[in-house]
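Construct the complete structure from the given sequences, taking the supplied hints into account.
Chains as they are written, first to last, in our numbering: chain E, 1 to 479; chain W, 1001 to 1518; chain C, 2001 to 2323; chain Z, 3001 to 3250.
It is worth saying that the hints were derived from the structure and are not from the lab.
It is possible that some hints are incorrect.
Facing chain C, a subset of chain E residues (Cβ under 10 Å, in silico) [to be verified]:
no., residue
1, P90
2, P93
3, P99
4, Q106
5, S116
6, A120
DMTMM-like mimics (lysine to aspartate or glutamate), calculated; alpha carbons at most 25 Å apart, straight line [stated by the list, open to error]:
no., chain 1, residue 1, chain 2, residue 2
7, Z, K3198, W, E1388
8, Z, K3198, W, E1043
9, Z, K3198, W, E1148
10, E, K119, C, D2054
11, E, K173, C, E2216
12, Z, K3198, W, E1296
13, W, K1117, W, E1148
14, Z, K3198, C, D2054
Quick caveat: nothing in here was measured; it's all calculated off a predicted structure.
Where a beta carbon is used, it is the ideal one built from N, C-alpha and C, also for glycine.
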Amino acid sequence: MSLLELRDLAVRHGDTALVDVADISVKSGQALTIVGESGSGKSLLAHAVMGTITTGLAVEGTMSLDGVHYDLADRANRKHHWGRELALLPQEPALALDPTMRVRDQVAEGAPGFRSRRKAALRRAEDTLGRLNLGHAARAWPHTLSGGMAQRVAYAAATIGGARVLIVDEPTKGLDRDSLDQLADLLTEHVATGGLLITITHDLHLARKLGGELLVMRDAIIVERGPADRVLTTPEHDYTRRLVAAEPSRWQYEWLASPLADATADPAAEPLVAAEKLAKSYGDTELFRDISLEIRPGERWALAGPSGVGKTTLGNLLLRLGAPDEGTVRHHNAVAGGRLQKLYQDPALSFPARVRLTDAMRDIVRRHGVPPGRVESLMATLGLPESLLHRLPGQVSGGELQRLAIVRAMLLEPALVFADEATSRLDLLTQERTMDCLMSELTRTGCALLLVTHDRELATAVADHHLRLDQAVHPVAVP
Amino acid sequence: MGRFTRTGVTTGLVAVLMASAACGSGEAARSDSDTLRIAGPFEVHSLDPASSDGFFTRLQVVETLVSSDLRGELMPGLATSWEDSRGTRSWTFQLPEDVRFHDGTPVTPDAVAASLKAAADEAASPLADAPVERITPVASGVRFDLAEPYPTLPAVLTHYSTAALAPASYDDNGEVTEVIGTGPYEVERVELPASIEVARFDGWRGEQPAIERVRFQAAGRAESRALMAVSDQADVVFGLEPAGQQRVDAADGVRMESALQPRTLLLKVNNDHPILGDVRVRQALSLALDREGMAEAVLREAELAATQLLPPSLRTWHQPGLDPLDHDPDAARDLLAEAGWTPGDGGTMQRDGTPLRLTLTTYPDRPELPALATAIQAALAEIGVELEVDVTNSSAIPAGHEDGSLELGLFARHFALVADPLVSVAETFAPEGDDWGVLGWRDAEMTTAIEELFTQPAAEQAAAHRARIAETVQRELPLIPVAWYRMNAAVTDRVDGFVLDPLERTWRITDLSWAGQN
Amino acid sequence: MSGTQRQLVAAVLLRRAGQAVGVALVVSVLCFAVVRQLPGDAAYRIAAGRYGDDLVDADSAAAVRAELGLDRSAWQQLGDWLVDLLRLDFGRSLVTSRPVVAEVGYYLLGTLQLTAVALGLAIVIGGLAGVLAARCPGGWLDHMTTAWVALVRALPPFLLGLLLILVLSVHLGLLPAVGHGSSSSLVLPALTLAVGLSGLIARVTRDTVVEITRSEHVRFARTKGLTERLVLARHALRNAGVVLVPYLGVQAAILIEGVVVVESLFAWQGLGHALVHAVFWRDVPVLQATALVLALLVVAINTVVDLAVLGLDPRPRKREVLA
Amino acid sequence: MLVVIAAFAIIGPLILPDPAAQDLGRYLEAPSASEPLGRDDYGRSVLARLAHATRLSLVFAALCVGTALVLGTSAGIASAWFGGWADAALRGISEVFVALPALLVVLLFAALAADGSLWTLYIGLALVQWVEYFRVVRARSSLVLGSPAVEAASLLRLGPVHVLRRHLWPELRPLVTTLAALGMVTCILAVSTLGFIKVGLRPPRAELGLMVTEGFPFYDVAPWMSVAPVAVLFLITACFLGLRRSEVTT
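Listed below in structure tokens is the structure:
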């Protein structure tokens, strides 16, 4: 029975406390999950334990692992445990894998005795990959892996050294539900075989699957702790309550899609966008074929499916941002002249990076003769302070910037907005807020929506027309 | 595709270094102790005597029929003796017996005649300018038949382009592929364009020289050569610039040797030019030049300032009694005023609205030329002459001569390319002009004097002719002399007996010996 | 090597071969055309090159003109050259009358030796300094390399070479200052070039290594339990190579073309030297052949760089965004 | 610092004596109170020549770099913008220029004008340098033009001027300034290099690069002749490198 205990853990930047936690203990056989919004300090906590926290921050506290004490202020005293006792499964596995090395070699180098017995290590890596159903990918390059596969390869590489303590940092970014479930199974297995697991996430679904102990962090401190199922079903702290309610399946808004009737759409209306028998492939990989659909004014479409199936590509074809290999896309006059807008997954990339937002906005106002005051009033509606405009895009948080992008899109009174994973990088509460803003504006103006997402719940909550793209080339249209 | 690891990189680098080291280690290993190392500025372009710039004559690999001593007096070269007949219209040169080329083949009249014919066919060779009708091998020598009397033929045959090569030196097309001569040294290795190695030729008919091997290395930069001289990386270094000479003077174990050359740095003037055709303008230009100052600043030797065209090293031609060329800007301005030039805008003289603007063409092969041009430019600006300096290729001067576009040309004229300066002087003042001589200037008295000299008059008469020539040039200034020329060499104390040949025909390696060995 | 990789290699080779042919044609014609436009009579220039300033005159120029057929029409001369080129006959130098192939081959060898050793030295010096500087960004070594870059950029290579001669050759007597052909005489010119280049290489290496060591995958490699050396060798250097190899390719191309000053100072015989003389003397065949060789060398270097990057980095060049 | 150099280059020539005025009697005079940088091999004031040279060099280099920059940048943007055959053609031209030995281009251009005029050198150097700008600008421009921001701008129908002004130029400016800053120094050194192989000599021109070359033979007896221009070059380089640092924030 192993035990990891953290006492009086604090991370400070100058006088500001970024993490301030009195005690945490992790027992083998029971997962520990820390949830919270971005900026709550949960990732810093993980890195403080690991000893990989940036040098600019001051760390205090002690850690004891099976009775051995470590001063957390000394980053180096756990270094010899890395890979052997302590392992970290990083965020964004696609970036964590060396792009110039084959999968098997990257996994093998973490194996004990890699330097002296290379052959044995490579065999072991192949075994490990085989157990994770990745035997076929042993000699593959990382860029050929899907997000879920990369996540599992990173898991193999992190755990091959046999570390008991596994720290998982935000593993859900960009992962679709199926990959997430596979990961949850792996983590559960790690716990079941006696490992210690600390998971940092903002995904309540994952927290629910892992079970065990749940910690809710906000502004550097733990606001609520307890068994996962208890906290997630009957949250006590107000913040936890809001967090739980922010899951799309629990949303309660007027603009929610009603399963009963299609209220806004008029079947007789001319379609804004009409696509016929679209097909597209990249190189030898065929993404989809034979896709036909028509989007009418006011309709809300969702394109769902796992990552890599060509959802964004299809959306771009519908906006005529790319050319299909086969088939045609026709646009109605109602969407001419900028009345087709798009929201991007990373809003920071959708604004000119080195130009102040006020200049970027002013260009639109001038070009399209937008009535004065419209920007400000829209911003006020969406709860954005005007002072944001004086910053550069990089200086504004993701949620606020995405709302600014909504403001920008609405300035041209569009007939159709294409939201391309527009909230997938945002945490739950921010996602809720952003979607509320977007949907309220769409409802108000009767604008149609094309939503691309890998989040089924979000799609269900928002859209009344669904198109699922699966690994299989042929789409499944759900009315 | 190989792994990019640290070991891989290191191995690769070591391999590269070793490979490049291996490709030259053979020569480097040879000991330097018995080798005389010579460095000079010019590169060896070709093995052909005419285009070889005399390297193989200087290294004493090949010999010309006639040689010359330090004062320029003719003496036997490969030929043991010579005599003329038909009033210098025929010349016969006797070849020594039992002499062999370096490849062991005997030196026959046929072989020598063939070499000479090749030289006569080479337009650049002075021999091509001689009215040669026939070159025939005779019993024990070679006979020249000429179209007209030609008393200076032996002098012409001192020129390096007329050296004798073995028949095996030529390929089927008549190109020289190997230098096989008769001199005391034979070629060991030639790596065009920068290095030649020669070794003592055991079959040399004369006394065995003391120096066993010689290696010549061309080094284009004077700075590099000076460093070679002071760091004992060369025994004899030619062509140092003043700064380098100072360095050598200050260093131990190496000394400067120098000799006045029969070469003059001069301004060639286009006498057909509307401005320069006026002798007063030419005189004004000459008076504007502070020759001593220039010689001191550029050549570091005020005595090199030319007081007349022909330098003192041409003993019979130099006229010590002649009034020297002066520096007198005021007189120069007066002369210009006399010629109708008045001060105009910005200090430049002008006449009828045309400014006194001239272009001087020179070339960088000899570093003192652009330097002197800069000084001349400043000197002429003093008297209101605006001078553009165009530093270009040496051929721009003969080309400009040919089409008449040249205004002023600055170059170094060699007056003893062949041992007798008369040949060069006659060429320089040819009435029809000469590429490296006068342009658009002729003088009946001058022409007669030269013609007279060719008839080999008595010594006294000849002296009078020469004096007249010198006076005419001094008065008319069809060429404006600037400075004389001193050639120099840095020589280590390792060698004894070093003497500079002012005619640059040979480096006289056979006269050298290692210090302390005799 | 997988099938797709073989295809990629073939594609690179094919593209570069096409470039080589195009460049060869353009370079030949361009050289020829420009040389025709140059002022001055080519026959005089050639005669001056052959016989030196004492012997060049109207007669020798006329003889040169007749011998070389310089009075043929431009089209005829160009056509003849291109035909000969197809037969791989580069002709003879107008000045030295030696076959151009032998002449340019000789200079090429010199250039390649010098470039290879200089580049090797520069990589060793610059690479080491860069990697060490990257270990502590903002440290003294880091500042040193910055100052080094500024100094070397401001110092003409001939002054740098002179300093090296003074120190290593004159004062210490370790190496010969001038010469060609022996390995010891190669060291100084190569070192001059290497010192000039190493500052830049150090700078780029440092930036690259710093960036890579901050990358996610290197941090992950550390937490896998790899030692610093293993991380550097297995991850940092290889990825740095992806950035550095193209950079070194560019530098190699510059070295090959631009070392004329160093060649002249150290009397090392290389292509730069040949090029300068060929332009000066209007030695068109040598000029064309030299330019051709230089151009093809650049293409060859680019090919090697392409292949090396292909080997180092398996990612497709044009990344399409899939979502 | 750059201001000081610029002031020296602008004011110096006005107040200092004629840089071509020779005083052959005082050649290679060592620095003194009246002549702080000494005299050169013709007895000319090194300080006066330095001021003129700095001005000429800066103007010349700025012209070269400016031309190359305008040429390369516009070609690079055009190439990335229009793609297709325009891109292919421009890329083809640039590849030829890359493979064309820079030295050859400069030598040939320098030889075109027989009188050693700086204009031909200028064209030659500009022709050699534009490719660098082209390649860098093209690569960055295609990234920027392919970015979501530009896609959004096109959906917002903001037009090409907006894209140039708000997207391309802010991204390209730091890159191009870095290149240009280093290009200035490269230009001056290139002239020096050419001077070393006797190209571009035209007395009594005072130019920084040529001054280094002219001073070189006297490194031993009159080090001030080469140290002075090298020092100015070093300062210019250091300034430009410093500029680059403050420019590039990321």
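Taking the hints in turn, this is what the structure says about them:
no.: 1; hint: P90; in the structure: holds (5 Å)
no.: 2; hint: P93; in the structure: holds (9 Å)
no.: 3; hint: P99; in the structure: holds (5 Å)
no.: 4; hint: Q106; in the structure: holds (8 Å)
no.: 5; hint: S116; in the structure: violated (12 Å)
no.: 6; hint: A120; in the structure: violated (16 Å)
no.: 7; hint: Z:K3198 x W:E1388; in the structure: holds (17 Å)
no.: 8; hint: Z:K3198 x W:E1043; in the structure: holds (16 Å)
no.: 9; hint: Z:K3198 x W:E1148; in the structure: violated (45 Å)
no.: 10; hint: E:K119 x C:D2054; in the structure: violated (75 Å)
no.: 11; hint: E:K173 x C:E2216; in the structure: holds (15 Å)
no.: 12; hint: Z:K3198 x W:E1296; in the structure: holds (23 Å)
no.: 13; hint: W:K1117 x W:E1148; in the structure: holds (18 Å)
no.: 14; hint: Z:K3198 x C:D2054; in the structure: holds (20 Å)
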